[in-house]
Structure formats: structure tokens, C-alpha cells
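Novice: Join these two chains into a complex; the hints should help.
Chain residues, written in single-letter form:
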Amino acid sequence: MAFLGATLNTVGLIFLTHAVYSTHEHTATFPHAPLPLDITIELLVSILVLSAGIVLTSPSLKPIEWARWSGKLQREGRHGEGKWTREGEEILSEGDPYAFLGLDGGIGGKGEGRMGFWDVRGKRKEYAEWARSGGKN
Amino acid sequence: MNEERELAINPIVLTSMQHNTQVVSNIRSLTASLFGVAAGTLGMESYTGFVFYLIGTLIVSGLIFSFRAEGKASEYFHRPLGDLWGGDVVSGLSSFVLTWTLFYGLVRA
Numbered sequence: 001m002a003f004l005g006a007t008l009n010t011v012g013l014i015f016l017t018h019a020v021y022s023t024h025e026h027t028a029t030f031p032h033a034p035l036p037l038d039i040t041i042e043l044l045v046s047i048l049v050l051s052a053g054i055v056l057t058s059p060s061l062k063p064i065e066w067a068r069w070s071g072k073l074q075r076e077g078r079h080g081e082g083k084w085t086r087e088g089e090e091i092l093s094e095g096d097p098y099a100f101l102g103l104d105g106g107i108g109g110k111g112e113g114r115m116g117f118w119d120v121r122g123k124r125k126e127y128a129e130w131a132r133s134g135g136k137n
Numbered sequence: 001m002n003e004e005r006e007l008a009i010n011p012i013v014l015t016s017m018q019h020n021t022q023v024v025s026n027i028r029s030l031t032a033s034l035f036g037v038a039a040g041t042l043g044m045e046s047y048t049g050f051v052f053y054l055i056g057t058l059i060v061s062g063l064i065f066s067f068r069a070e071g072k073a074s075e076y077f078h079r080p081l082g083d084l085w086g087g088d089v090v091s092g093l094s095s096f097v098l099t100w101t102l103f104y105g106l107v108r109a
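Heads up: the sequence lines are chains A and B, in that order.
Here full-length UniProt numbering is used: the first residue of the first sequence is 1, the next is one more, and so on.
Here full-length UniProt numbering is used: the first residue of the second sequence is 1, the next is one more, and so on.
Read the hints as simulated data drawn from the structure, not as lab findings.
On a predicted model such as this, the values are computed, not experimentally measured, just so you know.
Quick reminder that beta carbons are idealized off the backbone N, C-alpha and C, glycines included.
Treat the hints with care, since some could be wrong.
[Claimed, not checked] According to the in silico footprint, chain B covers these stretches of chain A (three or more CB under 8 Å from chain B):
1) 8–21
2) 36–46
3) 55–67
Here chain B stands alone, though its shape is the one from the complex (with noise of 0.2 Å):
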């Protein structure tokens, strides 16, 4: 109900939302592949290649916070803690693991 009151005083524009998650899952996509080459290249294996990815996702949304958000994440998502922070990391896993296991097994196996 208050969160209805308040977005019934200061309304949200639909298209900037779809914008900006739109902007966030592009550059997700592309990071957790380039994750994957990485975490293959260095020979990761089992959990130290899911947490070398944590900690990427977790650079990468620093990066989008200081440069994209100016550090006024709530200005941009509604939810800055789910729309930024976790945003599309579940889903950039498989492209991770995509080129994590490509990548290893063209440099080290």
C-alpha cells in the first residue's frame, strides 16, 4: 500500500526502466563470456571458476554504478540492489560456463 502511494506520486517511465535493464543484461552478456575465457585460460576448475565469476559480476556492477549510474543507482532501477547489483547474473552463468569449458579445452587440455 505505501509503495503504492508512492509510486502513485512519483510515477516511473516504463520505457527508461526496459532502457536500463536492457543496457544492463547487454553488458552482462558480454562480460560473463569474457569471464569465461578468462577463468578457462587460468585452468579453474569446480567452485574457484563460480566464485572467480562472482567476483567479476560483482567488478563489473562497481563499474556500471561509478560510470553508467554516476552513483545515484536509485535514480536508474527501482530496485538497486536486485536490478544492478544482481541483475542477470543467473543468466550470464551459461554463457560463462559456455566459454569456461570452450576455452579450457582448447588451452589446456
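Only chain A is shown next, with the shape it has when bound in the complex (with noise of 0.2 Å):
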């Protein structure tokens, strides 16, 4: 998509170049005839295929509804966006602004998960075990 977004740019900017110069050289020689239909065309498709481009460049939207983002970022991930600091570091997109919490991991998985749901009795079983078989493995 961004390379056809950059494709139409420079069409677009070559042919807005050229119409800009034929009318300038259209008006310098005939100061007071109509401009010819096809430098009109011409001027009308640059400005539409240049605005496409534009368009097709900018960077994507955001879905702004908290639950369509964030299951947005669930599914993707962190990834790289193209995109290098000078340093060298790839510039990732946003994650989840909760994932310190490690709700994830605790619930049904089988991840200790955020630190207030430790299943604590069955920690301490676990300990018991492990220190009634001598402190091994």
C-alpha cells in the first residue's frame, strides 16, 4: 500500500509539474485565450491522483472504542512498524498499557499472573511437599 501510496505521489507531482509549465507557457504566449481542455484534465487528474497518494501514505487509523483497540493490540502484538531510531533500535508499535498488571498469565494459565490473585494455599502446600522430600529438585 505504500508503495503504490508513493507511486501515485510521484505520477502525480511530475504530471501537476508538467500542467503548471503549460499553462505558464500557454498564458505567456496567449495572455488572454481560455486554457485548452487538455491542460484542465490534465491539472484536475494530478490533484486527484496527488491527493490519493497523500491519503494512502498517511499512517493508518486507530480504532478509538477501548474494546475494539485493545483486542486490536491483544491480537497483534508488539511488533516493529518500520520504523529505526539513530541509535539503531527499532521504534515498536503501542502494547498493552496493562500488561505489567499480568492478568494473562494468572488466570486459567499457568503463569503466577498479578500478585493479589497467588493462589497462597496452594503455594504453601507446594512448599511443604518440596520441604518434606529434603529440599531436592
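Specialist: Below is the structure:
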């Protein structure tokens, strides 16, 4: 999509420059004649192509509803957007702002999850068995 | 009150809103000066130029609506009519007039 946009921009710029230059030459030679139809059409087509290219090269929009936005983040995860800092680090897209809570690991997962939602008795039992077995493994 | 309850149920992400507004205003300011070039070169005067600008912004809004918002404007804009179709039309007008007069003077005068 970005490549298509860049192509449209280049083509549009070339046609726009040509049309403006043609108009300038035409008005310099025949100051009072109306502009020929082909220059007008070229100009209008070139600005249409250019504005399509500008829209296509612009960054994509983000969903504003929280549910859709966070759903999109979870589906796609953090990934590079093809931009790098001057030091060579890749700039990542925005991530889940509540990932540090670890909610995903705790509910039905194998990880410990959020600290406040620990299974304390389970952990204590696990520790007791480990101590009874002599602290091995 | 009703809208407040709606926002409590379906909260809105502010950073996404700012990002979308930024994208639209960038596109607007770029295309506005482009339409100015066209209007000046075609030698438009007075109301014709402003009508040309309005038609141009309408076309660009349609392009954003179909290519960037994929036809679902309410998913990306809180008020699609004001933020997408009418967003930044007035602020683009000044750069339109600037390039309009510049190119009218360069090409026509």
C-alpha cells in the first residue's frame, strides 16, 4: 500500500509540474485565450492522483473504542513499524498498557499472574511437599 | 447524561483519538495547498475558488473514508460528521488561499 501511494505521489507530482508549466507557457504566449481543455484535465487528474497518494501514504487510523483498540493490540502484539531510531533500535507499536499486571498469565494460565490473585494455599502446600522431600528438585 | 453513560460503558482511547485527528489534519493541510495550486493555475476568482476548495475537501474526505477508515467512520471518529467530513476544513482554508494567490500571481499575472 505504501509503495502504491509513493508511486501515485510521484506520478501526480510529475503531471502537476507539467500542467502548471504548460499553463505558464500558454498564458505567456496567448495572454487572453482561455486555457485548453487538455491542460485543465491534466491538472485536475494530477491533483486527484496526488491527493489519493497522500491519503494512501498517511499512517493508518486507530480504533477509538477501548474494546476494539485493546482487542487489536492483543491480536497483533507489539511489532515493529518499519521505523528505527538513530541508534539503530527498532520503534515498536504501542502495547497493552496493563501488561505489567500480568492478568493474562494468572487466569486459567500456568503463570503466577497478578500478585494479589495468588493461590496462597496451593503454593504453601507445594512448598511443604518440597520441604518434606528433603529440599531436592 | 445518555452520552455519559454510553462513554462509561464503551470508553474511548484518547491517544487513538489524537492520532486520528492528527492524521486527518496532516492530510488536510497537504491537500489544501495542493488545491490552491490547482485553483490558482486554472485562474479561478472569488466564489469559484472557494467552491472548488469545498468540492476538493469533500473528495479527500471520501478518500479518507474509503481507504483509511474502511467505510466504518464511527469506529475511528467520535463524531464522524465533525471530525472526518468537516474536520480541519477551515484551518486548511488559509493555506489554500496562500497557494491560490501565489500561483495565480505566478502563472496568470
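Novice: None of the hints should be skipped; say for each whether it holds.
Specialist: Structure-based check of all given hints:
Check on the segment 8–21 of chain A: 3 of its residues sit with their Cβ under 8 Å from a Cβ of chain B, so the three-residue criterion for coverage holds. Proximity of the segment 36–46 of chain A to chain B, defined as three or more residues with a beta carbon under 8 Å from a beta carbon of that chain, is established by the 3 residues found. With 12 residues having a beta carbon nearer than 8 Å to a beta carbon of chain B, the segment 55–67 of chain A meets the requirement of three or more and the stated coverage holds.
Violation of the numbered hints given earlier is absent; every hint is satisfied by the structure.
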